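K.L.:
Using the sequences and the hints, build the whole thing.
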Amino acid sequence: MHHALSRHRNILDFALSSLLRRKAKNISLFLVYTLIIFVIASLIFFVQALKREAALLLAEAPDMVVQRMIAGRHDLIPTNYGEKISAIRGVSEVTPRLWGYYYDPVFQANYTLLAPDTAPPPPGTITIGSGVARNLRIKTDDLVTFRSYSGTPLLLTVSGIMPLHSELVSADLVLMAAEDFQAMFRMPKDVATDLAVTVANPRELVTVANKIVELFPDTRPILKSELLRTYDSLFDWRGGMMVVMLAVALLSFVIFAWDKASGLSAEERKEIGILKSIGWETGDVLLLKFWEGAVISLSAFLAGVLLAYLHVFFSSAALFSHALKGWAILYPQFTLVPTIDGYQLSVLFVLSVLPYTAATIIPAWLAATIAPDAAMRS
Amino acid sequence: MRPSTCFILLLTTGLVLLLLMGIHARSSRVSRQAELQERAMLVHRLRLTDLCLFTEARYTRHPAMADLHAPFQDHPTALEHFPSGSLVTPPATLQRSYAPRP
Chain A
1 MHHALSRHRN ILDFALSSLL RRKAKNISLF LVYTLIIFVI ASLIFFVQAL KREAALLLAE
61 APDMVVQRMI AGRHDLIPTN YGEKISAIRG VSEVTPRLWG YYYDPVFQAN YTLLAPDTAP
121 PPPGTITIGS GVARNLRIKT DDLVTFRSYS GTPLLLTVSG IMPLHSELVS ADLVLMAAED
181 FQAMFRMPKD VATDLAVTVA NPRELVTVAN KIVELFPDTR PILKSELLRT YDSLFDWRGG
241 MMVVMLAVAL LSFVIFAWDK ASGLSAEERK EIGILKSIGW ETGDVLLLKF WEGAVISLSA
301 FLAGVLLAYL HVFFSSAALF SHALKGWAIL YPQFTLVPTI DGYQLSVLFV LSVLPYTAAT
361 IIPAWLAATI APDAAMRS
Chain B
1 MRPSTCFILL LTTGLVLLLL MGIHARSSRV SRQAELQERA MLVHRLRLTD LCLFTEARYT
61 RHPAMADLHA PFQDHPTALE HFPSGSLVTP PATLQRSYAP RP
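Order-wise, the sequence lines are chains A and B.
Residues in the first sequence are numbered consecutively from 1, following our numbering.
Residues in the second sequence are numbered consecutively from 1, following our numbering.
Rather than coming from a laboratory, the hints here were simulated on the basis of the structure.
Bear in mind that the values here come from a model prediction, so they are computed numbers and not experimental data.
Just so you know, even glycine gets a beta-carbon here, dropped at the ideal spot from N, CA and C.
Be careful, since some hints might not be right.
As the list claims (entries may be wrong) - The list that follows gives simulated cross-link-like pairs (lysine to aspartate or glutamate, EDC-like), each with its CA atoms no further than 20 Å apart:
#  : chain 1 : residue 1 : chain 2 : residue 2
1  : A       : 51        : B       : 38
2  : A       : 84        : A       : 218
3  : A       : 23        : A       : 271
4  : A       : 84        : A       : 268
5  : A       : 325       : B       : 56
6  : A       : 25        : A       : 268
7  : A       : 23        : A       : 13
8  : A       : 84        : A       : 214
9  : A       : 51        : A       : 259
10 : A       : 51        : B       : 35
11 : A       : 224       : B       : 67
12 : A       : 25        : A       : 259
As the list claims (entries may be wrong) - Short derived list, chain B residues pointing at chain A, Cβ under 7 Å:
#  : residue
13 : 2
14 : 25
15 : 35
16 : 48
17 : 67
P.N.:
Structure, rendered in structure tokens:
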């Protein structure tokens, strides 16, 4: 046991000094490897944390939202639809939701205006998300002017700012009284943006949705499970940006490993020839190459994963923010609650460390099985 | 010190940091539970349906509420279905604002 351990340590010593001899090449190899692991691990951490947060938060979303469609587009829904929907067996509550968008031409940002049905701000006042406060550079008790749809300015006092840690759901929200909302958009009092439906038994949701569509063929019910599915697919590895980024990172890793696996340099071949001529066995040479690969890949994996954790959970995934911002002026600033998926990290380990280590051994094995003099001459 | 000892020390430090990362994640989840609860209550009280991730367009701000034919409705951030999408640039008028100033 002790002998085997000291053999490994001696070979590891030799592997490290051999790596240090080709310092520039191996440091650049380590940096590229670390960068690839960093990008993939950042993506895993970011997506997992957002997925978890979305699932936890949207579990509190309405059971069902009923929209009215006109000519294939979302339209305002008469509140009397709600009265008929609440009469359906199984429906325990129907609440009209008043919400819409306001484009701020000065700061070129979009806000979501919402009139909550419970504890709304008093008329003439608004409660704003911290993203809006940051964008408008305002604080509590300041006055804000919105241009109403009748062309007249609507003067509102900021009565409160929602906490910073709620930005993931409230960054662009402007909460106002229903009267102000209706005045702002010249909206009749008998319509709502959509209806939030609560169903006592979640297993009856589909039946209730079918009954609603039967009763009002111009409506489109959206179930909570569909909301969750939308966010699941948003962060799914098969969808959109995720697959592009993963594909790029994996492809670069394949090219990188392929380059390694495609052959040894003349200098490395010569080294193997010399080692064999001084009495090293093929097994020792393979062990040496294994340790060379393992030193680079293990260090790069650890460095990449640790840097990715710091990037996502301590700097709010600063490198991804440009992709998330898009054309948006108002961007929510949120720090995600850290989530580590052991399974995905293990997959990353298996898919990155093992192929690279194998890629370093195979060409060495090919070189080590030929005669030492031939290896030195090649 | 032998190079292997240095490497083993470095590897052990990395593994310890990895372990600390796991502990940090777990403790953060516990310590930020109240904050998460508050966010969930806000979603419940305001009957919100979407996360505020992208505010640039209706269908990105509220992907779950978007029209059936809005971009990305099949699944958000889906790749463009139509080749024209990758050839046609956004109209210049989108960058210009015609909205009246208050």
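K.L.:
Next, verify each hint and record whether it holds.
P.N.:
These are the hints, each one checked on the structure:
1. A:51 - B:38: Between residue 51 of chain A and residue 38 of chain B the Cα gap is close to 18 Å, so the pair holds against 20 Å.
2. A:84 - A:218: 14 Å, holds
3. A:23 - A:271: 16 Å, holds
4. A:84 - A:268: 81 Å, violated
5. A:325 - B:56: 8 Å, holds
6. A:25 - A:268: 13 Å, holds
7. A:23 - A:13: Holds, at about 15 Å.
8. A:84 - A:214: 12 Å, holds
9. A:51 - A:259: Violated. Residue 51 of chain A to residue 259 of chain A sits at ~36 Å, over the 20 Å cutoff.
10. A:51 - B:35: Holds, because 17 Å separates the two Cα atoms, which is no more than 20 Å.
11. A:224 - B:67: Distance ~16 Å between residue 224 of chain A and residue 67 of chain B Cα, so the pair holds.
12. A:25 - A:259: At roughly 13 Å apart (the allowed maximum being 20 Å), residue 259 of chain A and residue 25 of chain A satisfy the hint.
13. 2: Status holds, d = 6 Å.
14. 25: Because about 4 Å separates residue 25 of chain B from the closest Cβ in chain A, which is inside the 7 Å limit, the hint holds.
15. 35: 5 Å, holds
16. 48: OK, holds: residue 48 of chain B within 7 Å of chain A, min 6 Å.
17. 67: 5 Å, holds
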